[in-house]
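**Q** Each chain, letter by letter, is given below.
Protein chains: 2
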Amino acid sequence: MTKLKGLRVFAPATVGNVACGYDVLGFAINEPGDEVVVRETEEFEGLRIVSIHGDPEHQLPYEINKNTAGVSAQMLLDEVGYNGPGIQMKLYKKMPFGTGLGSSSASAVAGVVAVNELLRRPFQKRELLKFAIAAEQVADGAIHGDNVAPCLMGGMVLVRDAKLAEAHRIFLPGGLHAVVIYPEIQVLTKDARDILTASVSLEQHVQQSANLASMIIGFSNSDLELVRRSMRDIIIEPQRAHLIPHFYDVQQAAFDHDALGCSISGAGPAIFALFANSLLAEKAAVQMSKVYKSQKMKHKVYVSPINMTGAHLV
Amino acid sequence: MTKLKGLRVFAPATVGNVACGYDVLGFAINEPGDEVVVRETEEFEGLRIVSIHGDPEHQLPYEINKNTAGVSAQMLLDEVGYNGPGIQMKLYKKMPFGTGLGSSSASAVAGVVAVNELLRRPFQKRELLKFAIAAEQVADGAIHGDNVAPCLMGGMVLVRDAKLAEAHRIFLPGGLHAVVIYPEIQVLTKDARDILTASVSLEQHVQQSANLASMIIGFSNSDLELVRRSMRDIIIEPQRAHLIPHFYDVQQAAFDHDALGCSISGAGPAIFALFANSLLAEKAAVQMSKVYKSQKMKHKVYVSPINMTGAHLV
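Chains A and B are the protein sequences, given in the same order.
Okay, so the first sequence: first residue is 0 according to numbering that gives the first Met the number 0, each after it adds one.
Okay, so the second sequence: first residue is 0 according to numbering that gives the first Met the number 0, each after it adds one.
Derived from the structure by calculation, the hints contain no laboratory data.
A couple of the hints might just be wrong.
Intra- or inter-copy, both count: the list cannot distinguish identical chains.
List of simulated lysine to any residue pairs, SDA-like, C-alpha gap at most 20 Å [what the hints assert, rightly or not]:
#1 Lys162 to Arg231
#2 Lys162 to Glu202
#3 Lys2 to Gly83
#4 Lys162 to Arg227
#5 Lys189 to Ser200
#6 Lys65 to Tyr91
#7 Lys162 to Gln203
#8 Lys89 to Pro31
#9 Lys189 to Glu202
#10 Lys65 to Ile142
#11 Lys162 to Glu224
#12 Lys162 to Arg228
#13 Lys162 to Ser200
#14 Lys162 to Ile233
#15 Lys162 to Leu201
#16 Lys89 to Val49
Start from the sequences, fold in the hints, and give me the full structure.
**A** Below, the structure is given as structure tokens:
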């Protein structure tokens, strides 16, 4: 009898909808994140999710075609025409869901990366993006890649075309750190999408896209003052801010403490702020946290560099 | 009696509204362009336009507060509190107006650069942008800087905020060449603006801004295939194409001959196409021109590198 293989993959949380980059720009952070363990088995055929940890209220499905970790992995198996031993998958949710930190994306990425590793990498990492994007679509119905792309590849990533799984890394100056904070309430991505107006004024479009372009020029030239002027969201943030308790107070605390930018992560309620270095980020995190503390609201806060690695074997 | 000073400044034509960069992205070409000659005089006080050449139908005003060359120059004189000798200005229009090549912008830039030189440069070139943008507003009522900024500074320029006169050069790989072609009809910028819908769908906004961002990443990385995929306009071009005879035929001829992108310059009717080098541009120019030749339509065609200098003394 041959030895059955097994391995573990970590996929990081991500900040999506980065300010003026709604639906197209995201970045990865170091923690939290999800882990997926896959192992060959002779007990059954095909792919099965055998356990989900970190989901005390049993909100996540075990069905392969409903859990993003299963969907992405199964798509890869289908594409290669896999007919090897059965594969058992264990999902360790080490990050909250419904907070706007790309929880379903992290599972989708961890699942497909783990199975790709188990099969000795039939695909390069970049080629896995299409599976993860398609799986993410199962979670919220919309096709976008601003969480799965940075989760998979690390760094800050612009998704030019989610349908084509075409994404590009943005050059970033070294040392940038993010603060991510969220009150412990849940905002469903679908609901947060439904409140958005279907159209924007031509003037808003021009201003927002000029800021997106300028922010990228700012990062490319390590011109952080240009990043600071550009990293704002005049379209989505004003529509969603009311879903997040004390959003503007937290944002003000960030801007009062040297944030380059501060807006809603994904569909919220997580709030992210970006800083030139770890010292500034740590200092601001305390002040941002104070807003919720003073309201006696349960919340979590993370300080992290931009994760430049993305999903990886552990 | 001291010798009275005089000098001549050239300001180049520009392509504005570069594909997905409506109102924010433009680049300069080598020709055509406008020239302004300024000379001190003792015959009168203050600034006067004493002659306008190249305007056989007398469409352009001589009034300082109505001609963009006069407006920009007068604003500079006001700001420095000028009380020297009178200044006579001669305007040599060496480019067509109402074709979408930034004719009024070239005059605005030439006027202010000439007077700035005459006064021994009280302002750096970049500081002249605010005067030129304000003058351009006189011409078409809207505030934007995607013509005046590249006309002044050269290269391809993104205007983040026209009100603040904040503009940024885009890194470009060497050797890019543009073809500019226009049928000899006139489209008024104001009319071309009036037909635009006041809003765009959120989906269009997302797609267009992802393309703008990707195009800039493509230029930054000298990734011309990314530029080729990104340099398109799904919002403005479909609304204005019908104003330009045979637009889609000319565009197809450009794309059939290796254009990285091809769209409407400014408010039209000029059409621009961008190419990786001069050989490709020259070849495509012949084919684009054939479209109008076969229709026996009068037209002009220019092939030019991206002008990296902008307005300058001649």
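**Q** Reference check for the pair Lys89 and Pro31, CA-CA at most 20 Å: within, between, both, or neither?
**A** For Lys89 and Pro31, the Cα distance is within 20 Å only inside one copy (18 Å; across copies 67 Å).
**Q** Within a copy, between copies, both or neither: which one fits Lys162 and Leu201 at a CA-CA cutoff of 20 Å?
**A** Between. Shortest inter-copy distance 17 Å satisfies the 20 Å Cα cut-off; intra-copy 25 Å does not.
**Q** Is it within, between, both or neither when you check Lys2 against Gly83 at 20 Å Cα-Cα?
**A** Within one copy only: 13 Å inside, 93 Å across.
**Q** With identical chains, the pair Lys162 and Arg227 could be close in the same copy or across copies; at 20 Å between alpha carbons, which is it: within, between, both, or neither?
**A** between (31 Å within a copy, 18 Å between copies)
**Q** Are the CA atoms of Lys189 and Ser200 at most 20 Å apart within a copy, between copies, both, or neither?
**A** Between copies only: 18 Å across, 23 Å inside.
**Q** Within a copy, between copies, both or neither: where do Lys162 and Ile233 come within 20 Å Cα-Cα?
**A** between (26 Å within a copy, 17 Å between copies)
**Q** Since the copies are identical, ignore which copy is meant and state whether Lys189 and Glu202 lie within 20 Å (CA to CA) inside a copy, between copies, both or neither.
**A** between (27 Å within a copy, 16 Å between copies)
**Q** Quick one: Lys162 to Arg228, C-alpha cut-off 20 Å, is that within a copy, between copies, both, or neither?
**A** The answer is between: 14 Å across copies meets 20 Å, while 31 Å in one copy does not.
**Q** Is it within, between, both or neither when you check Lys162 against Glu202 at 20 Å Cα-Cα?
**A** between (27 Å within a copy, 13 Å between copies)
**Q** When no copy is named, should Lys89 and Val49 be tagged within, between, both, or neither for a Cα gap of at most 20 Å?
**A** within (6 Å within a copy, 83 Å between copies)
**Q** At most 20 Å between alpha carbons: which applies to Lys162 and Ser200, within, between, both or neither?
**A** Intra 25 Å, inter 18 Å, cutoff 20 Å: inter-copy only.
**Q** At most 20 Å between C-alpha atoms: does Lys65 with Tyr91 qualify within a copy, between copies, both, or neither?
**A** within (16 Å within a copy, 70 Å between copies)
The earlier numbered hints are all upheld by this structure, with none contradicted.
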